[in-house]
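Visitor: The primary structure of each chain is shown beneath.
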Amino acid sequence: MKEQQAELVLDVRGLVKRYGTTTVLDGIDIAVGAHQVVTVIGASGSGKSTLLRCVDLLDEVDDGQILLDGVDISDPRADAAAAQRRMAIVFQAFNLFPHMTAVDNISLAPRVVHKVDPGEAHEKALDLLHRVGLDGFADAYPDRLSGGQQQRVAIARALAVRPRLLLLDEITSALDPELVGEVLAIVKEVARGGMTILMATHEMGFAKQVSDQVVFLDEGKVCESGPPERVLGDPTHPRTRQFLARVIAAGWLT
Amino acid sequence: MTHALSPLARERRAYRRSRARRSTLVALLSTVVVAAAIGVAVTQSPGWPRVQVTFLDPASAWRSLPTVLEGLWLNVRVLVVAELGILVLGLLIAVLRTLRGPVFFPVRALATGYVDLFRGIPLLIALYLIGFGLPALRLQGIPTDTAVLGCVALILVYSAYVAEVFRAGIESVHPSQRAAARSLGLTHRQSMRLVVLPQAVRRVLPPLLNDFVALQKDCGLISVLGAVDAIRAAQIDAARTFNFTPYVVAGLLFVLLAIPTGRIADAVAARAARRQGAQ
Chain Z
1 MKEQQAELVL DVRGLVKRYG TTTVLDGIDI AVGAHQVVTV IGASGSGKST
51 LLRCVDLLDE VDDGQILLDG VDISDPRADA AAAQRRMAIV FQAFNLFPHM
101 TAVDNISLAP RVVHKVDPGE AHEKALDLLH RVGLDGFADA YPDRLSGGQQ
151 QRVAIARALA VRPRLLLLDE ITSALDPELV GEVLAIVKEV ARGGMTILMA
201 THEMGFAKQV SDQVVFLDEG KVCESGPPER VLGDPTHPRT RQFLARVIAA
251 GWLT
Chain V
1001 MTHALSPLAR ERRAYRRSRA RRSTLVALLS TVVVAAAIGV AVTQSPGWPR
1051 VQVTFLDPAS AWRSLPTVLE GLWLNVRVLV VAELGILVLG LLIAVLRTLR
1101 GPVFFPVRAL ATGYVDLFRG IPLLIALYLI GFGLPALRLQ GIPTDTAVLG
1151 CVALILVYSA YVAEVFRAGI ESVHPSQRAA ARSLGLTHRQ SMRLVVLPQA
1201 VRRVLPPLLN DFVALQKDCG LISVLGAVDA IRAAQIDAAR TFNFTPYVVA
1251 GLLFVLLAIP TGRIADAVAA RAARRQGAQ
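Top to bottom, those sequences are chains Z and V.
Note that the first sequence covers residues 1 to 254 in this note's numbering.
Note that the second sequence covers residues 1001 to 1279 in this note's numbering.
For reference, chain Z alone in the conformation it holds in the complex (with noise of 0.2 Å):
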């Protein structure tokens, strides 16, 4: 027991976040151990972005602890942003900074955060491009790359700092169909070289590709989680055989 305390990256205990009367996330538990990739799903509104956004200390929580490495961060006490520096988050509007080249973007957080000389920051930006595939596109602003070219820089940009856990929030739930595949692509290398990952995501398909373990949320509970076969090919939970017939039927079980 003691073994896989240590292991685990992420430890979300009864977690709560209200916003104003409504409850969004009503005590929520999960665990993301090293090298792992925990999959989010449920219907929109059901508090997958939240939690997200709760672990990555954007938004305040109102009960529960967020354990990082087996330390509390939503402590008050805590430091916060020493935290975030560990972590990194993939939005779903990209988020990119406009007024900045796509090597700017990436190279950032590296040098103002983590005080990497320009130069290598610059190097390890360009070799991140070549990554996602975008070699080329170094010093492209944001406004003329395509949705998926935007959130592969955007992936890129996160796995600069390094993190610890990298939080992907319906990463291509902006994207046009045909454009979701070669974000995907970059999503599955990164899991498969090792990365912790705690996602959100509406590709059933990837989920059960890639996930180790697959949580279905259902008004901000924990309605069923366990291995991608069992909750996606053979859910217990009337919920969640409720959630995937509608999802099969809108075509995203592929």
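Hints listed in this document are in silico derivations from the structure and should not be mistaken for laboratory results.
Every value quoted in this text rests on a predicted model; they were computed, and no experiment measured them.
A few of these clues could be false.
[Said to hold, decoys possible] One-sided excerpt, in silico: chain V residues whose CB lies under 10 Å from chain Z: (1) 1005; (2) 1008; (3) 1015; (4) 1021; (5) 1022; (6) 1023; (7) 1027; (8) 1050; (9) 1203.
[As the list claims (entries may be wrong)] Here are the simulated SDA-like cross-link-like pairs (lysine to any residue), alpha carbons at most 25 Å apart as the crow flies: (10) Z:221 x V:1140; (11) Z:221 x V:1009; (12) Z:221 x V:1007.
Glycine included, C-beta positions come from ideal geometry on N, C-alpha and C.
Once you've looked at the hints, dock chain V against the given chain Z.
Guide: The following block gives chain V in isolation, referenced to the frame of chain Z:
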């Protein structure tokens, strides 16, 4: 609706509250200390008794208050009329400057020239030229009232600034908005009036209010033409009694006038920020 909180959450909440209390206390203390230091430095200065008599004489302040207030009423009237004129003229010039197409070149050039001229000219010189130059033409129908002439000068100069603020707002509305409006069949004028301007004006409200505060005190400059406004009234009193307190009274009144506008500007900016946050 209250929720049962875990002891952990309750303790965190208490901690956050105590931190907030401490920050407030530190801020309060440092403010008091700085204010006290400045107060001591001023009142211990060698010339303080002298300054107190010439600038801060309560009797003089009380005596001059009615006439200064009466003058301020003229400032307020000038302010309201000038602001209305400035908004209309400024918006008109801004719209003219954004007209596209070669047909409108002369209009655009004129509008640009207007902005260049009146934004560059010192307000004081504009006041002299219009306040003394216009009546000197002895044309029929030209007003000779100094307050009216001062008002005209203020409108001319300030509308050049305000036009640029409006133009920045118009250009900040994304071209896709115009495309969407045109695609629905709205004419240039309709899309401007119904789609672009409402967004532009909302966006530039804070800088417009800033210009309004600037105008509030610049209204006092019409005193150079001889209009008996708050500053002129103070000047007359000061010249008669060799005491500068009336100036301080007039200055304080202008500050009082500006405070509500400043709070309105804050509220408008906060509302805009909330609206953005909600999106």
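Visitor: Classify the hint on residue 1008 of chain V as holds or violated, based on whether any CB of chain Z lies nearer than 10 Å to its CB.
Guide: holds, 7 Å
Visitor: Would you settle whether the hint for residue 1050 of chain V is holds or violated, based on the nearest Cβ-Cβ distance to chain Z being less than 10 Å?
Guide: Where the cut-off is 10 Å and the nearest Cβ of chain Z is about 54 Å from residue 1050 of chain V, the hint is violated.
Visitor: Are residue 1023 of chain V and chain Z close enough, Cβ to Cβ, to be under 10 Å, as the hint says?
Guide: Violated - the Cβ of residue 1023 of chain V stays beyond 10 Å from chain Z, reaching only about 13 Å at its closest.
Visitor: Does residue 1021 of chain V pass the interface check with chain Z, least Cβ-Cβ distance below 10 Å?
Guide: violated, 14 Å
Visitor: Does the nearest C-beta of chain Z fall within a distance shorter than 10 Å of the C-beta of residue 1203 of chain V?
Guide: With Cβ-Cβ at 18 Å, over 10 Å, it is violated.
Visitor: Going straight from one Cα to the other, do residue 221 of chain Z and residue 1007 of chain V come out at no more than 25 Å?
Guide: holds, 21 Å
Visitor: Run the distance test for residue 221 of chain Z versus residue 1009 of chain V: straight-line Cα separation, threshold 25 Å.
Guide: Distance ~19 Å between residue 221 of chain Z and residue 1009 of chain V Cα, so the pair holds.
Visitor: Once the shortest beta carbon distance from residue 1022 of chain V to chain Z is found, is it less than 10 Å?
Guide: The hint is violated - residue 1022 of chain V has no Cβ within 10 Å of chain Z, the shortest such distance being about 13 Å.
Visitor: Holds or violated: are the alpha carbons of residue 221 of chain Z and residue 1140 of chain V at most 25 Å from each other?
Guide: violated, 82 Å
Visitor: Identify whether the interface hint at residue 1027 of chain V stands, where standing means a beta carbon of chain Z within less than 10 Å of its own.
Guide: Violated. Min distance 19 Å.
Visitor: Would the hint on residue 1015 of chain V stand, with a C-beta cut-off of 10 Å toward chain Z?
Guide: Constraint on residue 1015 of chain V satisfied, holds at 5 Å.
Visitor: Under 10 Å is the threshold here; is the Cβ of residue 1005 of chain V close enough to any Cβ of chain Z for the hint to stand?
Guide: Since chain Z brings a Cβ to about 6 Å from residue 1005 of chain V, closer than 10 Å, the hint holds.
Going down the numbered hints, you'll see the structure goes against 4, 5, 6, 7, 8, 9, 10, while the others check out.
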